[in-house]
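Asker: Residue strings, one per chain:
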Amino acid sequence: MRTEAAVSADDSSQDEAEALQRGDEQVFRRLYDAYGSSLIALARTFVRDRATAEEVVQDTWIAVLTGISRFERRSSLKSWIFSILVNKARTRAKREHRSVPFSAMLVEDADGAVDASRFDRAGMWSDPPHEFDVHDPERVVGGRQMMEHLAAALEDLPPSQRAVVVMRDVEGHDMRETCRILGISEGNQRVLLHRARARLRSRLEQIASDRDARPPGRRERRVTESDAGRLPSDIPVENERR
Amino acid sequence: MLNCREITENADRYLDKEMGFLERLQMRLHLMMCRHCTRYVEQLKATIAMLRDLRLEQPAEESRERLVEVLRGDGGRPPLRY
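Protein chains in written order, with full-length UniProt numbering: chain A, 1 to 242; chain B, 1 to 82.
Just so you know, these hints were derived from the structure itself, not from any lab. The beta-carbon is built from N, C-alpha and C at its ideal position, and this holds for glycine as well. Accuracy of the hints is not assured; some may be wrong.
To give an idea of the interface, some chain B residues facing chain A are shown, with a C-beta separation under 10 Å as derived from the structure [as the list claims (entries may be wrong)]:
| id | residue |
| --- | --- |
| 1 | L54 |
| 2 | E65 |
| 3 | G73 |
Please construct the entire structure, taking both the sequences and the accompanying hints into account.
Answerer: If you want it as structure tokens, here you go:
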């Protein structure tokens, strides 16, 4: 990536950086709360467990707080913080002899966006997308909100896909920043993002239609003794859209 | 003419507006005629919107307060005020 491609810091980054330099605790707490969960999610794609990820995040903040005077304002403060995290996480992963994501990313999953068996020979749908209510993320299916299913599906993505989707969709970095921070090409970023989003949509479709596919009679029935020992997701939930 | 499979392979570039005019036009034409692909694109769009609102697990508050001490300069690290 060419460094001049980085955007110059906007006013809010400037203000926040100056506030941190002055030791403004309120600004720090706000930034910490705003980025904390995404920083951990991103660190988790590099290191083995959550506790280690929390340490990496803690080290990142120490580096931010003690090094804020070196923030050059060529990128936003947010990008700078995320870049520091990725450097710390990489170093940590190497120390743990873990393979760093992005090293073998293009072979880890070569499937299409949708399983090939769902198209006919001409590439037209033979098993079209199952309908699910896309406008109700709080809807409960199988005992969990769709949002929670999505969070679980995100955890199951291969690390490099997860890193890209956290940067782009959860945290809202643009493509250029994402590539620069993760050290990947635009082409690779595009492929990873495409695969990640396609997988997540498939999971939601699958979860929603597992319930929708049940015969209406079974869907309406109450939980009975025979449900004992079954997984909660196997038990039909009544009135779940209320 | 794009087929449905090609639509699914390009749907997120379409949503991110990372397409040239012609390619975009081809996508639009297909979507106008194909309700299955329209549904696919809507579901993908909704998935992305949900990711934006996703509430991931927050780090511990005590970690934050330890850092506040660093910020105050009494966390055993060099003070920030010069």
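Asker: Run through the hints listed earlier and report the numbers of any the structure violates, in increasing order.
Answerer: none
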